[in-house]
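Enquirer: Given only the sequences and the hints, what does the whole structure look like? Please build it.
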Amino acid sequence: MLDLQGYGPRLIEGAGVTIQLALLSLILAIVLGLLTASAKMSRSWLLHKIATLYTTVIRGVPDLVLMMLLFFGGQMALNVATDALYDRFGVDWYVNLNAFAAGVLTIGFIFGAYMGETFRGAFLAVDEGQIEAGRAYGMSDWLVFRRIRFPLMMRHALPGLSNNWMVLLKTTALVSVIGLSDMVRVAAEASRATHEPFVFLIPVALIYLAIASVSEWIFARLQKRYNVGFGGH
Amino acid sequence: MELMTWFTELLEGNLIFTPQTLSYYWDGLVTTTQLVFLSLLAGLVLAVPLAIGRSSRHRWISLPIYAYTYVFRGTPLLIQLYIIYYGVVFVDGIQESIFWPLLREAFYPALIAFTLNTAAYTTEIFRGAIKATARGEIEAARAYGMSQSLMMRRIILPSAFRRALPAYGNEVIFMLHASAIASVVTLMDLTGAARFVYARFYAPFEAFLFVAAIYLCLTFAILYFFRFLEKRLLAHLKPA
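Chains as they are written, first to last, in full-length UniProt numbering: chain B, 1 to 233; chain P, 1 to 240.
Over 12 Å on every C-beta distance to chain P, these chain B residues come out as not near it, computed from the model:
{"no.": "1", "residue": "5"}
{"no.": "2", "residue": "35"}
{"no.": "3", "residue": "46"}
{"no.": "4", "residue": "125"}
{"no.": "5", "residue": "135"}
{"no.": "6", "residue": "137"}
To spell it out: a stretch of chain P is covered by chain B in this simulated footprint if at least three of its residues, at any positions, have a beta carbon under 8 Å from a beta carbon of chain B; those stretches are:
{"no.": "7", "stretch": "69-76"}
{"no.": "8", "stretch": "84-95"}
{"no.": "9", "stretch": "173-183"}
{"no.": "10", "stretch": "186-199"}
{"no.": "11", "stretch": "203-216"}
None of these hints come from the bench; they were simulated from the model. We treat Cβ as the ideally placed atom computed from N, Cα and C, and that holds for glycine.
Expert: Next up, the structure:
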């Protein structure tokens, strides 16, 4: 049954690609999101403007268009750069933008903007008195961030974070369009080759549902953990 | 006339943005707008009864609707599109039916996939808004002796629609962006036009940045439209 006319193993491999892609882009998105949120709350006018431009433009353009721009355009920019290296310094170096790396970079870059908005709201919701209390104990800025600001912020950020993750997971399906062999691409190829779309596409849909259900459960547990001491929900 | 000469002068010497390619973008804009507008409209019509059913106390009504929204919100739209696009041939007797000439084109399978998808999201948005109706309003309606359906029509739905407005605005923008995947099933929407121009001239920056700018403008137009609506319809909720 798992053989699926010989496509079974490739489909499972594709599922692995999807999960890796989703998790790596999530990490990149969280890092970018924290940076963006900090930039938006910083006193520097320039940082604030750059962060606002980033979140506005990214959230105003479809993921697929950004993905194609970065993937096709990124390769071209790399070619121009490596050509220039060759002309100027005689360095013969060719970089081929790999579809997986392009996928992680683009999805991480896109969701960094959404995460930035989530984190900004969550940071603003942290009670200023708690921070002052931390300072009064003589904690350094970093220690205040690690022990007080971050855990308190996460309580407010988790619902948005979980929402962003669910959207991110579904967005990974788009990398199949730029040539990465994730499970969607394998299933689409198999459907075209065998003329039996349901056999391949429905299991893939079920895998997405399974990942979403597991994530929901994990986020519910995390929410419980970060709510310790706040009673109720 | 003057505008026309200004326009041709502007395009003179530009190898990529000729009147020819601009007309591809224009056709793409028309296709995207049709697709998004029609699917949103059909999705909205479907979502209202579904949301009422989803808020029902009878589990045999609410559970199947929940299963529908769970599946459509939990899987990528691209998968839904593939299933409908590749699967429509296998529906019994469809090739003999009068709808076949329509369904054979990519536009209608895409429209069906987008409609079912947005209907699922909109159902959940409306359900949340219906659930948030103030108890006092419902009690007042009951005290007036209103029947369930009259109460739904006069009290619950009008206020729920207003509460749902900000979330629905996001859904509209989401749908506009999601419609870009129509280009995957050979439709020449805005993104399809950009891919065509990219492939023809091997000019990724020009092709995709131009289309990104168009999407950005459309997004802002939707954003301001909903902000205007909110200002008018939610004026009573603004802090004094």
